[in-house]
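K.L.:
Keeping the supplied structure of chain A fixed, place chain B upon it in accordance with the hints.
Number of protein chains: 2
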Amino acid sequence: MPSIQLEINTGKLSGEGVITAQKKLSQLENVFEDEATRASMDQEQLIYEVQAFMPVEEGKEGGLYFGNSTIFPGKVNEEYFMTRGHFHAKLDTAEYYWCIQGKGALILMDENGKTWLEEMTPGSVHYIPGKIAHRVANTGEEKLVFNACWPSEAGHDYGTIEKEGFGARLKDIEGTPTLVATKNEMV
Amino acid sequence: MPSIQLEINTGKLSGEGVITAQKKLSQLENVFEDEATRASMDQEQLIYEVQAFMPVEEGKEGGLYFGNSTIFPGKVNEEYFMTRGHFHAKLDTAEYYWCIQGKGALILMDENGKTWLEEMTPGSVHYIPGKIAHRVANTGEEKLVFNACWPSEAGHDYGTIEKEGFGARLKDIEGTPTLVATKNEMV
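Chains as they are written, first to last, in full-length UniProt numbering: chain A, 1 to 187; chain B, 1 to 187.
Bound conformation, chain A alone (with noise of 0.2 Å):
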């Protein structure tokens, strides 16, 4: 029997083992830049789900997770709806993200702030290197939804990022979406 099934056209996942987190407005506090509209927003609004197939414990050399990400469209004022973006904890490992639908901006940021993004739409195959943060924005006007596959030695070190932030945000500029630095940082 096969570990779990893939919809190949919708990217989405189902079988035992897989597991499901979804991330509402409430819980995405000072990821967004304009925090008091993040706060006055519709704090029920789904903002993106992730389906995981782990089928060793975290932090196992050589093995591999099977993900699926959905973000859902939408902006806080000119930023666009994305993922809190992360380094690995084990920095120096790698990860596959290839989009399934819709249309977003893979944003990634090497350890000294440099910022840049990959443009994703159905079909394109990214590969993240090891010891460089990753975060995905929903830049168009349906769910943008990806699969992804990384090693089970990874983990996920959120609180680089929390603190210091990417050195630049998506934003809807008239209608473009705009790679705008932010303070004390380059792009």
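Calculated from the structure, these hints are not laboratory results. Computed from a predicted model, the values in this text were never measured in an experiment. Treat the hints with care, as some may be off.
Since the list gives no way to pick one copy over another, a pair counts as held whenever it fits inside one copy or between any two copies.
With a cut-off of at most 20 Å between alpha-carbon atoms, the simulated DMTMM-like pairs for lysine to aspartate or glutamate come out as follows [what the hints assert, rightly or not]: (1) Lys114 / Glu16; (2) Lys60 / Glu141; (3) Lys60 / Glu153; (4) Lys75 / Asp110; (5) Lys131 / Glu142; (6) Lys60 / Asp34; (7) Lys90 / Glu153; (8) Lys143 / Glu79; (9) Lys60 / Glu79; (10) Lys90 / Glu49; (11) Lys131 / Glu153; (12) Lys23 / Asp92; (13) Lys131 / Glu61; (14) Lys163 / Asp110; (15) Lys163 / Glu141; (16) Lys24 / Glu111; (17) Lys90 / Glu61; (18) Lys24 / Glu7; (19) Lys131 / Glu58; (20) Lys103 / Glu29.
P.N.:
For chain B alone, kept in the frame of chain A given last:
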């Protein structure tokens, strides 16, 4: 720019850095049980084709590769067309296969020779744990296509399978794919 492109419905990869390798029947000497029949067939027959995207050097810890394999339909006597099969050179490293089209079997073997299978159908996702040899057979009438993700430190150990084989062979027994134990080995 994304690393590469994936055709979601066909599994095909394209873009800079995607390499392709083919195995013809002439290159699979002694892989099938009935070597005399294999040697008498069209040696130019394509048995399988592999695409791989390997953005970091093989052996590097923490990196990941992405692949696409196609196994063509057919048999050598009763035995389905299949891959050579391998353990990973760094034995305790995992891999994912996920089936995009066709019908097949993922044949798995532990270090004691115990051999079993998982059916592959579109959308089936297979976690291959570390220390498990793996081979894929096409049991259908059309091509079998799957994608794969594996660690850059995994490498390939084909020699153990060349020498010892799997504990069983997958044969068409009166129209049903059936694992048949090889002598002195267990299923």
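K.L.:
For each hint, tell me whether it holds in the structure or not.
P.N.:
Do the hints match the structure? See the list:
Taking identical chains as interchangeable, the C-alpha atoms of Lys114 and Glu16 are never at most 20 Å apart, the minima being 40 Å within one chain and 24 Å between chains. When the C-alpha separation of Lys60 and Glu141 is checked against a cutoff of 20 Å, the pair qualifies neither within a copy, at 39 Å, nor between copies, at 39 Å. For a Cα distance limit of 20 Å, the shortest separation of Lys60 from Glu153 qualifies both inside one copy, at 5 Å, and across copies, at 15 Å. For the homomeric pair Lys75 and Asp110, neither the shortest alpha-carbon distance inside one copy (25 Å) nor that between copies (50 Å) is at most 20 Å.
In the homo-oligomer, the alpha carbons of Lys131 and Glu142 never lie at most 20 Å apart, since the shortest distance is 31 Å inside one protomer and 42 Å across protomers. Proximity of Lys60 and Asp34 under a CA criterion of 20 Å is satisfied in neither setting, with 39 Å inside one chain copy and 41 Å between copies. With identical chains, the CA atoms of Lys90 and Glu153 are at most 20 Å apart both within one copy (7 Å) and between copies (16 Å). Taking the closest pair of Cα atoms, Lys143 and Glu79 come within 20 Å of each other only inside a single copy of the chain (16 Å); across copies the shortest separation is 45 Å, beyond that limit.
For the homomeric pair Lys60 and Glu79, neither the shortest alpha-carbon distance inside one copy (36 Å) nor that between copies (37 Å) is at most 20 Å. Within a single copy, Lys90 and Glu49 get their C-alpha atoms no closer than 24 Å, and across copies no closer than 34 Å, so neither meets the 20 Å cut-off. When the C-alpha separation of Lys131 and Glu153 is checked against a cutoff of 20 Å, the pair qualifies both within a copy, at 14 Å, and between copies, at 17 Å. Proximity of Lys23 to Asp92 under the C-alpha cut-off of 20 Å is found in neither arrangement, the shortest distances being 26 Å within a copy and 34 Å between copies.
Proximity of Lys131 to Glu61 under the C-alpha cut-off of 20 Å is found in both arrangements, the shortest distances being 17 Å within a copy and 13 Å between copies. Taking identical chains as interchangeable, the C-alpha atoms of Lys163 and Asp110 lie at most 20 Å apart only when both belong to the same chain, with a minimum of 15 Å there against 46 Å between chains. Neither within a single protomer nor between protomers do Lys163 and Glu141 lie at most 20 Å apart by alpha-carbon distance, with minima of 30 Å and 56 Å respectively. In this homomeric assembly, Lys24 and Glu111 never come within 20 Å of each other (Cα to Cα): the closest approach is 28 Å inside a single copy and 46 Å across copies.
In this assembly of identical chains, the alpha carbons of Lys90 and Glu61 lie at most 20 Å apart whether taken from the same copy (10 Å) or from different copies (11 Å). In the homo-oligomer, the alpha carbons of Lys24 and Glu7 never lie at most 20 Å apart, since the shortest distance is 25 Å inside one protomer and 32 Å across protomers. In the homo-oligomer, the alpha carbons of Lys131 and Glu58 lie at most 20 Å apart both inside one protomer (19 Å) and across protomers (18 Å), since each shortest distance falls under that limit. Taking the closest pair of Cα atoms, Lys103 and Glu29 never come within 20 Å of each other, the shortest separation being 25 Å inside a single copy and 47 Å across copies.
Violated hints for the displayed structure, listed by number in ascending order: 1, 2, 4, 5, 6, 9, 10, 12, 15, 16, 18, 20.
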